Amino acid sequence: MKVKMLSRNPDNYVRETKLDIQRVPRNYDPTLHPFEVPREYVRALNATKLERVFAKPFLASLDGHRDGVNCLAKHPKSLATVLSGACDGEVKIWNLTERKCIRTIQAHEGFVRGICTRFCGTSFFTVGDDKTVKQWKMNGPGYGEEEEPLHTILGKTVYTGIDHHWKDPAFATCGQQVDIWDEQRTSPVSSMNWGFDSISSVKFNPIETFLLGSCASDRNIVLYDMRQATPLKKVILDMRTNTICWNPMEAFIFTAANEDYNLYTFDMRALDAPVMVHMDHVSAVLDVDYSPTGKEFVSASFDKSIRIFPVDKSQSREVYHTKRMQHVICVKWTSDSKYIMCGSDEMNIRLWKANASEKLGVLTSREKSANDYNQKLKEKFQHHPHVKRIARHRHLPKSIYSQIQEQRIMKEARRRKEMNRRKHSKPGSVPIVSERKKHVVAVVK
Amino acid sequence: MKAGGLPEVSKRSVSRLKGDLHVERWVAVMETAPKPGGSVPPKKGRLPAMRKKPRRYWEEEATSPAAGPPRKKTRTLEPGPTRRKSANGPKPRNQRKPGGRKAAQRRKPEQTLSGAQDPFPGPAPARVDAARKFCRIDRSEKLPRAKRKTRSKLEAAEAQEEEASARAARSELLLAEEPGFLEGEDGEDTAKILQTDIVEAVDIASAAKHFDLNLRQFGPYRLNYSRTGRHLALGGHRGHVAALDWVTKKLMCEINVMEAVRDIQFLHSEALFAVAQNRWLYIYDNQGIELHCIRRCDRVTQLEFLPFHFLLATASETGFLTYLDVSVGKIVTALNARAGRLSVMAQNPYNAVIHLGHSNGTVSLWSPAMKEPLAKILCHRGGVRAVAVDSTGTYMATSGLDHQLKIFDLRGTFQPLSARTLPQGAGHLAFSQRGLLAAGVGDVVNIWAGQGKASPPSLEQPYLTHRLSGHVHGLQFCPFEDVLGVGHSGGITSMLVPGAAEPNFDGLENNPYRSRKQRQEWEVKALLEKVPAELICLDPRALAQVDVVTLEQQKKERIERLGYDPDAKAAFQPKPKQKGRSSTASLVKRKKKVMDQEHRDKVRQSLEQKQQQQKQEKAKPTGVRPSALDRFMH
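If you're matching them up, the sequences are chains W and D in order. Using this note's numbering, the first residue of the first sequence is number 1, and each one after it goes up by one. Using this note's numbering, the first residue of the second sequence is number 446, and each one after it goes up by one.
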């Protein structure tokens, strides 16, 4: 007879002294871990609930401006520095870690229309209603020195926007036309226009650095190449585009914030239909900025809220609002992709977390791994009705909520009417136009 | 060691484990890694400026300074093979014969910038059958036809799954304990081996696990082990209730409830246990203090606890199966089985379905989410006396008044796999963690064993038998110990059954050695992930699968609402061609061609469908005589 009994030595399973940590032997055999899927589901449900419990995105409000904040700019080298321009011509430089204003400049008479930093971070440019372009040093004046711009360019017309080239000492302004300037000269290197209209914003492409895009109030978006004398092509939409933003990771993708409550993500190579129509806002979209990852962007709207959209989704994943925040005019996603800043009508700049339920500060490795595990679980069970309902639910102010209801009714009525029209006309005479193609009027080359 | 070839040991291992590349690689590398003292001493005639690079013990002598050509450059960034060719002295040790070149290339350790070599290149070895155990996807099924994006996502998920199962299988190396076994000498029948022989043969600690509690006074006993296998609760029919740490033999509490005790069951931890008494159900703590008297569960005969759902299932004389949620103290559902007195119950540990045995020979499967049984299986000609389900949820053993012991396959068809007639018929059945089946036949306990963990026990030859001092009244294998607890009219017997239990427990699920703090933490975690009662169904994995019926219904509704199918393929539009070949006629012609092709495909598909239907109709048995009422069937 040969016999062996299971006989464990307790010393191998119990800690030696109280100073040790407990021993936890593992065995991953599935029969010892029954109900794998139901238990994971419950964990995912709990994780989703906790995510909503901990969703406290609002971090700080920077107050000090004496009029509405009209434009924001990030510092290219320092994460903590932010520049803002107000409607009374004041420019303020903020330190985000201390949440304090470190410098105030009376830059223009009237609005500060645009502000941008030089790629090296030593100086910045502003344009204002007083038809000037000014270059300022990033560091404040020394003791006894006057607060003075480095250069001032007097223009003939009002400039409405400015953007700096990402590598070269050149910048572009817009107004009646798009002007490309060399930093050393007082007259533009080249001026480009296509039709006669006021251009509201101009943006350089961060990857293909010679490309730039602009949008004008005659409903079009025009693309230019700095090296050519004439514009490349333009697309005309249903309504006016307020601003555009280039995707920092994909050279040919840009998103346009439109007056018809929607945002349109275009592929530069095929402008006849947008890649995606993002619709969740209930009023005109005023500003848009990409996350440095290029996967998401944030939009500011006249409906007193900001929304975060994934690039490939038509619905937003997040909406931020507070009782006191009025029409949001400008928005920026910080370069560490963790925070969002927005400037609004009631003179405040607000700082938000990009991920509402994220815990700030240094995480321990266990916290990190628990976080990753929960994230994966939420992803796995995201389509289950309970999980989905909890993850999607957002409290909205009454004005936005009722607006959404109203929009839904209007859309439904339009759809019904079109369906009836199609039903009672000759087959094929009322074609089905997809949502993406509906809003593009024409593409001109 | 031979000069040019592989060392002998590894060659043999290659031929033995031909299919298993991982293992082969591992063995070979183990052999080829040089020993610490085997490096060649530095040559003395070299320049003093060229210092010898410190060599780690695993580094190989790629070029021996004695025979190799003088190196011109001090730094070489050449890849491995070219360097090896240039060395025309003795060949490096891990060079192989041309026959096994492919394997040699795979086995070749990668060279790093510093020249250090990975002594164990490639992933660590893992057993193939172990990986299969951990695999959660069915790789025989082909991926569905999907859009490119979806498909790539599916492929990535599948690859990840494979990786995860391989890693889990690899971690089996770390398991510390081996299962027990009992083997007879050639020709010796293990069933003839007595408990006393086993006790004499094994070590003292294991021998102490065999004991008899002589409790004749309080009549036949029921018993229950806690989930960690550390604690034992026993209830005598004449009111004796006790709970003890049976390993250290420390008594936790002992009371007499002055009432008949029908069944006893630990709740989620050893701190609470439920006792089915003559009238009502009571819950006691480990001090023996009565915490609750649950009057909604009356005349309970059997108790089962579902640990992941925190449900206490009770079967009563009144014919009700009642689920009590012990975490909130509410009755979840009370199901009327409509089969008279319920006295036979078992739970399926794989899916938490309750199996009830009835007096008409059927076994019905219940979930709290349904008012009707999930399935009914006709098992015996007489009434059902006992039911047990194994830990993988694959096999069910039943015994009936017809003296039969049957084993059923619970995967889909519920067919009996094997049957055996016992002279008296078994009154109690229990499965162990490793698939041993114990049956209480009168005052004898028989135990049958199968081939392995996932195979049904073969009923021909018992593995062990033991005669007790009274009739068997309760049976349970102790989790994580090679012990079978038997409650009988003479008290309690703890039998030694080598190879019954799972040797390696998981510390985060059931830890027999856990401290109080660990138990408390585990309790909080377990309560947080309590599975809702409505998720109990036959297939617990169904929750992770796509609900195709609902999805298709939603799609249909959407198409109805929109008036067109948004996912439909757009009609073919011929591309305009260059050089004058784009005339209207040619465009129409091309369009027509594609349309015709599509039409032909459609017709072919419908024809095939029709033929299949006809085949199926033909295949139907025509044993039943045609009736005049058949015409109303269609």
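These aren't lab readings, by the way, just hints derived from the structure by calculation. Among the hints, erroneous ones may be present.
As a list, the in silico SDA-like pairs of lysine to any residue whose alpha-carbon atoms are at most 20 Å apart [what the hints assert, rightly or not]:
#1 W:Lys437 / D:Lys975
#2 W:Lys378 / D:Gly872
#3 D:Lys637 / D:Lys970
#4 W:Lys376 / D:Lys592
#5 W:Lys18 / D:Glu966
#6 W:Lys437 / D:Lys1014
#7 W:Lys137 / W:Lys156
#8 W:Lys417 / D:Gly872
#9 D:Lys578 / W:Pro34
#10 W:Lys2 / D:Gly629
#11 W:Lys376 / D:Ser597
#12 W:Lys167 / W:Trp194
#13 W:Lys438 / W:Trp194
#14 D:Lys975 / W:Leu45
#15 D:Lys1022 / D:Val1033
#16 D:Lys598 / W:Leu45
#17 W:Lys376 / D:Tyr1009
#18 W:Lys388 / W:Leu150
#19 W:Lys353 / W:Phe58
#20 W:Lys4 / D:Ala650
#21 W:Lys4 / D:Lys578
#22 W:Lys445 / W:Phe302
#23 W:Lys388 / D:Val993
#24 W:Lys338 / W:Lys380
#25 W:Lys2 / D:Tyr1009
#26 W:Lys4 / D:Gln896
#27 D:Lys970 / W:Arg366
#28 D:Lys592 / W:Val275
#29 D:Lys851 / D:Gly872
#30 W:Lys445 / W:Arg43
#31 W:Lys323 / W:Lys398
#32 W:Lys56 / W:Gly361
#33 D:Lys962 / W:Lys378
These numbers come from a predicted model, not from an experiment.
Results for each hint:
{"no.": "1", "hint": "W:Lys437 / D:Lys975", "in the structure": "49 Å, violated"}
{"no.": "2", "hint": "W:Lys378 / D:Gly872", "in the structure": "47 Å, violated"}
{"no.": "3", "hint": "D:Lys637 / D:Lys970", "in the structure": "46 Å, violated"}
{"no.": "4", "hint": "W:Lys376 / D:Lys592", "in the structure": "23 Å, violated"}
{"no.": "5", "hint": "W:Lys18 / D:Glu966", "in the structure": "17 Å, holds"}
{"no.": "6", "hint": "W:Lys437 / D:Lys1014", "in the structure": "17 Å, holds"}
{"no.": "7", "hint": "W:Lys137 / W:Lys156", "in the structure": "24 Å, violated"}
{"no.": "8", "hint": "W:Lys417 / D:Gly872", "in the structure": "73 Å, violated"}
{"no.": "9", "hint": "D:Lys578 / W:Pro34", "in the structure": "14 Å, holds"}
{"no.": "10", "hint": "W:Lys2 / D:Gly629", "in the structure": "6 Å, holds"}
{"no.": "11", "hint": "W:Lys376 / D:Ser597", "in the structure": "18 Å, holds"}
{"no.": "12", "hint": "W:Lys167 / W:Trp194", "in the structure": "26 Å, violated"}
{"no.": "13", "hint": "W:Lys438 / W:Trp194", "in the structure": "24 Å, violated"}
{"no.": "14", "hint": "D:Lys975 / W:Leu45", "in the structure": "11 Å, holds"}
{"no.": "15", "hint": "D:Lys1022 / D:Val1033", "in the structure": "13 Å, holds"}
{"no.": "16", "hint": "D:Lys598 / W:Leu45", "in the structure": "23 Å, violated"}
{"no.": "17", "hint": "W:Lys376 / D:Tyr1009", "in the structure": "36 Å, violated"}
{"no.": "18", "hint": "W:Lys388 / W:Leu150", "in the structure": "55 Å, violated"}
{"no.": "19", "hint": "W:Lys353 / W:Phe58", "in the structure": "7 Å, holds"}
{"no.": "20", "hint": "W:Lys4 / D:Ala650", "in the structure": "12 Å, holds"}
{"no.": "21", "hint": "W:Lys4 / D:Lys578", "in the structure": "25 Å, violated"}
{"no.": "22", "hint": "W:Lys445 / W:Phe302", "in the structure": "32 Å, violated"}
{"no.": "23", "hint": "W:Lys388 / D:Val993", "in the structure": "18 Å, holds"}
{"no.": "24", "hint": "W:Lys338 / W:Lys380", "in the structure": "24 Å, violated"}
{"no.": "25", "hint": "W:Lys2 / D:Tyr1009", "in the structure": "75 Å, violated"}
{"no.": "26", "hint": "W:Lys4 / D:Gln896", "in the structure": "17 Å, holds"}
{"no.": "27", "hint": "D:Lys970 / W:Arg366", "in the structure": "16 Å, holds"}
{"no.": "28", "hint": "D:Lys592 / W:Val275", "in the structure": "17 Å, holds"}
{"no.": "29", "hint": "D:Lys851 / D:Gly872", "in the structure": "13 Å, holds"}
{"no.": "30", "hint": "W:Lys445 / W:Arg43", "in the structure": "54 Å, violated"}
{"no.": "31", "hint": "W:Lys323 / W:Lys398", "in the structure": "11 Å, holds"}
{"no.": "32", "hint": "W:Lys56 / W:Gly361", "in the structure": "15 Å, holds"}
{"no.": "33", "hint": "D:Lys962 / W:Lys378", "in the structure": "30 Å, violated"}
The structure fails hints 1, 2, 3, 4, 7, 8, 12, 13, 16, 17, 18, 21, 22, 24, 25, 30 and 33 (numbered hints given earlier, in ascending order).
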